[in-house]
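These protein sequence lines are chains A and B, in that order.
Our numbering puts the first residue of the first sequence at 1, with every later residue one more than the last.
Our numbering puts the first residue of the second sequence at 1001, with every later residue one more than the last.
Quick list of in silico lysine-lysine cross-link-like pairs, BS3-like style, CA-CA up to 30 Å:
(1) A/Lys28 x A/Lys8
(2) A/Lys79 x B/Lys1190
(3) A/Lys125 x B/Lys1343
(4) B/Lys1176 x A/Lys40
(5) B/Lys1343 x A/Lys128
(6) A/Lys128 x B/Lys1190
(7) A/Lys40 x A/Lys20
(8) B/Lys1176 x A/Lys125
(9) B/Lys1357 x A/Lys106
(10) B/Lys1176 x B/Lys1343
(11) B/Lys1190 x A/Lys106
(12) A/Lys128 x B/Lys1124
(13) B/Lys1357 x B/Lys1002
(14) B/Lys1190 x A/Lys125
(15) B/Lys1343 x A/Lys106
(16) B/Lys1382 x B/Lys1002
(17) B/Lys1030 x A/Lys106
(18) B/Lys1392 x B/Lys1319
(19) A/Lys128 x B/Lys1357
(20) A/Lys128 x A/Lys79
(21) B/Lys1319 x A/Lys128
(22) A/Lys128 x B/Lys1176
(23) B/Lys1357 x A/Lys125
Restraint-style ranges between C-beta atoms, simulated for each label pair:
(24) B/Asn1153 x A/Asn116: 47 to 55 Å
(25) B/Arg1188 x A/Ala136: 27 to 35 Å
(26) B/Glu1239 x A/Gly101: 32 to 40 Å
Simulated from the structure, these hints should not be mistaken for lab results.
Just so you know, even glycine gets a beta-carbon here, dropped at the ideal spot from N, CA and C.
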Amino acid sequence: MSDTVTQKLMLFFPRCECEKPIIYHLVKDYDLIVNVYRAKVTPEEEGYLVLDVTGAETDIARAIAFVRTFNVTVNTTGKGVIRDDHRCTHCGACVGHCPTGALHIKDPATRQVVYNEAECIECLKCIKVCPYNACASTF
Amino acid sequence: MKTYEQINDRIASGKAVVLTADEIMDYVDKKGLAAAAEEVDVVTTATFGPMCSSGCVLNFGHSKPKIRMSEAWVQDVGVYTGLAAVDVYLGATQLRHGDPANMYHPGEFRYGGGHVIEDLVAGKSLQLFALSYGTDCYPLREIRTWFTINDLNQAIMLNPRNCYQNYNVAVNDSDKTIYTYMGTLEPRRKNANYCSAGQLSPLLNDPFYETIGIGTRVWLAGAHGHVYAEGTQHAGAEERTPDGVPTGGAGTLALTADMKHMDPEFVRGVSLRGYGVSLALGVGIPIPILNETVLKRTCVRDRDILAPVVDYGHEYPQKTGKIVTRVSYAQLRTGEIEIEGAKITVGSMSSYHKALKIANLLADEIRRGDFLLSRPLAYLPKDTAMKSLIKKEEPK
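Given the sequences, and given the hints that come with them, work out the whole structure.
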């Protein structure tokens, strides 16, 4: 068996694809472990699903191909929460609220607030507490 | 011993030795106090953070026919018109007309006075709407027009209170989330927020106001301005450590500078969820190294500066004066403090990163000979305490 990897996926659903049990198939047919961060899948509306999938690389690739057959847009670049580096003043109001340390002070000498997007679980707290409106959700 | 004149001569000739308040301690440890005091001319200090008691005076010039503005709004943010015909004062915490404030708690406060000031300095086109009752000499009753900072005769920042010498560390001991000017505070003391540049902060490097006084030239958001008065709520008589570091708020500065020379990077509108709007400013103040005592005071380190931890859930709003404990900025900067055995995550409202940038920008300007120092015209009081507002019966 090949090594497992974890990949972040952002799925965008068109209006008509909301009722298919896609997650079920990812687990059952492609042997993936799923961890859902954010989901908004409402009948008659466009929807989104942000999740981590863990499994064999080949299975993940097959799963993505499967999901795309439903006319679902798959974004693997994974930027659900973005930080505008120009607006950020590196005050650190967010670091006390970020539960995973995705937003953190790396170098105690410069005290620059670094954003490690891979650690972000999209709790969206930074968006609420940032005084400079530097953090935003892509949807 | 050096005089202001000698230091300015060295600056003018491009020979001044300038270090930041972040660098000076290690330098003095290495060289020794006496040798360093001979060698170093200036230590630069700085801070960047929300400073609510800020605003600006704008003069629009006269329209044809003329108007005496009696009510006015810039970008729908109300400005004070109780001045001459086309002078207004725009305050940092003024909400935009129609902002629901905290009606749907916690309010978002997306745009207000601080944001207008940011946009003005950034050179954006802004809308002015003004009304008047009309007079014989000022007949126009209404005007709506657009302007940029370059269209104004004057845009002078005039801040009643900046650069608090020291500040509270805010926690929340209640059982619900609270939304304060110190940020969002989670219940049961889950997080703490502080707001000071600590060892880099201007008045912590001159704790007895020996060089920073009325008339001192300052770097205000990139423009060269001045201290024009003691700041509001200045309370020099605050309790101090043996080295002179106040253990509470203490001194404040009233600052002014021409906004036409400001850099928008250091003039930033602030939205505080559930609280309101404000303005974050970058301030840099040079300290002339006149003698060993002045130099020694600039060597203050984060570990020597204590800030009071205050519960904003009950004690602060009810003005009980109670503090939980005192912690040092060195502890706060680790990102975690421990109080009564519990670990508390720490965030900050003040940007040390930007303050450091300002201290270096100012140091560079002084080295280039572009920023001369000024001797205070008057000193800030060291013996005044803060008064309270007492609710009284009408005097007979």
